[in-house]
Amino acid sequence: MSGMGSAEGIPGFQIEGKGEDGMDRGILTLSVGPQHPGSGHFRLVVKVDGDIIVEALPDPGYVHRGEEKMCEYRNYIQNIPHLERPMIADSCGILYPYVLAVEEIANIPVPERAKYIRVMMAEINRCIFELYWLGIYGIFLGHSTMFMWPMADRELLIDLAEMASGARVTHAYFVPGGVRNDIPDAFPEKARRHLLYFRNRLKEYRDIFYDNPLFQARTVGVGVLSREDAINLGATGPVLRASGVDHDIRKVEPYDVYDELDFDVVTMKEGDSFARAYVPWLEMYESVEIALQALEKMPSGPVRTKLGPNPKGAVGEAFKRVEAARGELAYYLVSDGNPRPYRVKLSVPSFREIPVMAHLLRGAKLADMPSIYWSMNYWPVEADR
Amino acid sequence: MATVSEFTFSNFIKSVLWLLFWVLMIVSLIALPILFIVLFYVPPPVINGVEINPYLLLTMLTNPQVGAPLIRPTLDSLFFRIAVFPGFTFAALFATVLIFAERKFLAKMQLRVGPYHAGREAFWWANSLGGFLQLIADLLKLLGKEIIVPSGADKPIFWAAPVVLVIAAAGLIALIPVAPGWVIADIDVSLLAVFALLGFFPLTVLLASYASNSKYPFIGGLRALYQLISYEIPLILAVLPIVILASTLSLTGIVEAQYAYWFILLVPIGAFVFFITALAELERIPFDLPEAESEIVAGWLTEYSGMTYGLIQLANYIKMYALSALFTTLFLGGWMGPEFLPGVEVFGVEVLSSSETSGIFWFTIKTFGVALFMILVRGTNPRVKIDVLLRAGWSKLIALSFINVFIAVALLYLGVVGVGP
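These protein sequence lines are chains W and L, in that order.
In terms of the numbering used here, the first sequence opens at residue 1 and continues consecutively.
In terms of the numbering used here, the second sequence opens at residue 1 and continues consecutively.
The shape of chain L in the complex, shown without the other chains (with noise of 0.2 Å):
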């Protein structure tokens, strides 16, 4: 017979020494014997032609002089920027705060008061923050659920397509400068690269959609194919007057171009363009008819549960903070501004200079601006009809990119402002 044991403080030492006793023996049988197999087997990495090897790491410990030098080398290397600095971690984390402000900032507008409770008292500093927490919650949450797949639903393809999403949404931030020199590929046609890769985005709903299996989802990504479609060619419009300008498809090229003006001052209009369809390729609202509740219960996710649609909304922000990054670099002007913060330094060896940290400030200040400018939409707008935002696409927004082309072709005619950095 099952008895439900008291609880008397010796059974408690004994629970912990035992506890104890199964963490060293799994430590030091199992665990210690893999780091050794690894550390004899795989080669240590090299940077600046010195070996990283655990000793190093040591003596690095207890002589930070050995170490400064590999600093720079390291930051330099290409592993560092896919996924650390300008790379994934980077920008998750910005999705990540932006979710965070998104949800803060909504709830002000509201007359709510956002998430409160999670990590409230965690730390005595977080008071103030107010549940800055609750995104750890949601994500355990989300890895919590069970995936649910549909029964007809064409597997590899479902399974398949939020990381195919991931994968293109993290594309896009390895073409944005986020500081001179600060990028992982610095291609001379970034930005046909950028258009590129948000072409996928389209085919990839309408495929998880059609693999779902499901009515809604069905609907869901016809009308996410519409949108994208519909808004890609004033999205390319919009920049074409910028091209004019700087004369380089290269992202770089566009920033070093706005030394003296930023874009948005000569051409606003493709500025509010640019803006309106970055709304839409988001499918944010007043934009999100592919994911119209009402209507259509969440459209093309409907059948998506679990880490799948955790996936699928990590690559909706990531997308969101390449587009706000992106209109910060063609029309705000990137990294440009006054440049007064310091340069770091480690123990007399130089990291960053004095234009890379003010770049990555300017940078990440204006896209957090950009992205919070978006979110003021969300709180302020219902969503439209497929049918008006077809016709404001093809016939309004793509006659504004075209006035916006002739008066980037004008400045340029009248000498208002020259060709190229």
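Bound-form chain W, shown alone (with noise of 0.2 Å):
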């Protein structure tokens, strides 16, 4: 069906004005959320002509809980756990930034050992919350078989995380010179086990999902994002890879010690929904294989830089980004010299994929709104901060 894109290219589909009693002509207006089994902590207002959506806007803001604010409050070290809850499913991923720019601005060295599992846990967290996704984008869809396969096997992964970290969701695991603590000597048997296991089930989801022919009626060719409308629209991530753009941070600015790992950036030239859906099942397998090389490559020696009991950074500024599992992920650092970092801004993914789901919902039908909004990758709790 050609009833994808934008609304212009529809005739009669334009919100026509207001009738004489001020209500809107035939449209049907409905409030997605906050309290709706598909929003999740957020709200969108989606206008329907019949089955068609002639308009979608996004209402976020439903749990701001002030995240910048809080850290001018905290000194460096305090800022670690409440940094992570925006986005627990992916706590590595939202630290990340956080840790490389203090590391920055206070000049702390960071030891051989750390970087590579630094990358390791990322890389393991990249696939607990992929996990996480996929299983909600399948009870999206009403496969429920693929909500609970995934659930079971993040348990193993969570279980590699709890080994090193001591925690299974927030670990936080990465500080400012290294990570906390170093992983226990039968972590690396362990963790070649679980990778290897999971990276032969992963077949298993496409054999389940992605080759159904449902889901690909549900998906192939649904909210079709153009190259150019993803580059202008700022999306990222695997939205912007599944769009054939070819950008991961790990690869254009390397952080740590992705430069001497061998992997591959994965792109979809279709930019649909089922795109966005695949990008990531593949980029599991890179995951998977960055985390093996970093077992295999790592160095011994000590895993953190001891500091002093309430580091301070230089007068300066740090702008630091990687790519976390939902893409580009960045942080502002301004620092005056106090043990209180001055200011602090977060640059989050899913805040970045509003605009590109309210383009792509527009047109669209009603049924196609679960897998066009899911498989956008976005987090109400971390786009609110």
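Source of the hints: derived by calculation from the structure; they are not laboratory data.
A portion of the hints provided could be inaccurate.
Only pairs whose alpha carbons sit at most 35 Å apart, straight line, appear in this in silico DSBU-like list of lysine-lysine [what the hints assert, rightly or not]:
hint : chain 1 : residue 1 : chain 2 : residue 2
1    : L       : K155      : L       : K141
2    : W       : K297      : W       : K251
3    : W       : K269      : L       : K396
4    : W       : K297      : W       : K269
5    : W       : K251      : W       : K203
6    : W       : K269      : W       : K345
7    : W       : K312      : W       : K251
8    : W       : K47       : L       : K155
9    : W       : K203      : W       : K297
10   : W       : K47       : L       : K396
11   : W       : K203      : L       : K108
12   : L       : K108      : W       : K190
13   : L       : K215      : L       : K145
14   : W       : K312      : W       : K69
15   : W       : K190      : W       : K203
16   : W       : K306      : W       : K345
17   : W       : K297      : W       : K312
18   : W       : K47       : L       : K145
19   : L       : K396      : L       : K108
20   : W       : K345      : W       : K47
21   : L       : K396      : W       : K203
22   : W       : K47       : L       : K215
23   : W       : K269      : W       : K203
24   : L       : K141      : L       : K108
With the hints in hand, could you dock these two chains into one complex?
Okay, structure coming up:
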């Protein structure tokens, strides 16, 4: 069906003002969220004409917690746990650029082993996140088995993260100057076993989910985001790469030891909901590959630079970005020489997908709303910060 | 000042005796007089010319020879058929077992355990069943929930819709023969009557959704209407070759026509189309768009709560039983199968013959198998979109149904099979 893309291309579906009674003529306004099984802590005001969405107005802000302001009242170390909270499913990813920025601003050296551990944990966390996301993608499209399987397999990787850091979800594992503690001796063997099992398991997801003709009928050709639109609207992460843009911070601006590891950036040309669901699946293979390589090449030595009790930053600023599971995640840190940051600014990928979502939903069918919304990789809590 | 009295054994005994006193008072002053008034004014049922009064019941307890000849007439009475065996109780029990089987089966597919705790330690034999009382717990929960009616709802229709759905679903089971002679309403056009009853559902669903006075139920109701109407046609066309081959519209006649070959062997395409359309009629995954929770909350069920919701679910599962049973009857030879089970005799009087017990056994097994297939589809597929659904229904399934009819006619014309039983 060619009803996708912008509303301008569809004759007869523009909102032509109000009727005499002040109501939209023939338009039904649905408030999808915040009390809706398919929305999360987020509202999407959707105007439908029959089954076609003529307009979708994202309305974020239900879970704003003032993370940036909170940072100004805590010192650099105290900021670590609460900065994970906006995105606990990918807690390493959201903490990574903060740690990098603090290291730059306070000029803290990082031991080589810690860099490898960080990369490995970030990739394991990426898989943990993608599985969570994929499971909800499944249940959004009514595929309950695809909800249960990734949730179950996620446990294996969570076990690994717990073994290394001591916490299942919010690890608080990365600290300025390395990682909080070294991995146990038994970790590499167990990690290799779990990661290889997990890689084999990924094939079964394709069998039950991606190869399913009904899943393809729901996602192929739905919500097509062209390469130009993806760049102009500021899409990032898997959404951008699914539209054929070869952009990955791990390659463009390698941090820690990503430039020493061998991996590919996954891109697809189609830019539809299927590609946006398929790219993360392919990326999980790369993540497993990166984690295994990092385990292989990991040198021995210390994992943490000893810091003073209350580390101070030099006067200045730092801007660091990483490729989190949802895309480019950047921190802008300003320091006035105190133990506390003067200003912290988070640029989160979820927030950047909002205009893309509004753009893709316009002209789509109501039944395409879950697949487009969820393929955006939008997390309300992260977007609101 | 209110004080919390401590537990003492004498107080406990006192409260138990007090309770016993009130129970005896209520029984002797209210319950027993009501019982006697009822016994005095309501005439006892007459079965096989014998008046079943309480004294006869007591006699039966001490001397079973008196009651044994009355068992078969009781089983043959219309009340028993409607209320108990091929009728409502059997269907509801089947639906209950089906829900439990569905939950366990799906759980196995999804690397879960499923219902586990409820009833696990109640009986020594329940340990391996694991949570078989979960459904009772769910039922109690639904009974305990407040039924919230939206302020702008059309109240009579809103209340009536679940009841009408249950009645229509229960009407379906009256037409299905479970064993030779075991059918509530053995009418000549029972297949037509089945489709007439299925026609109730879209209308009731639309009324329920419209009466809810809410946006999501309205969208869900329209979707259900589209879906049910466009899948009714392939459903009817899929069984047309059956009617041609069996040359009867009576379900009993159709089963008897399959004494040599099950119709699934002769018209497999029809069985396929019937199965798909039955899934759509049941609004089950992959055709559960009227209840797609990520799009329209719970569709036309959104405003239903408590036991009204429970009734709709009951109607759905009874309908599932009815359609599985219909599939068995039309394509899998109904009660046909080797007669290996012995009949049932009670004190020398044959209550059920060998063919009846075997028929019931085979019918139940086959129906359950069909229902499990429906559950299997749920575990492996996502939901389809309405345009895909309508296109598949109006073009592919109807085309397949016509091919199916041609195959049946060709089989007849070439003399591969004869007409009728």
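For this session: Identify every previously stated hint that the structure contradicts and give their numbers, smallest first.
Result: Nothing - there is no hint that the structure violates, so all of them hold.
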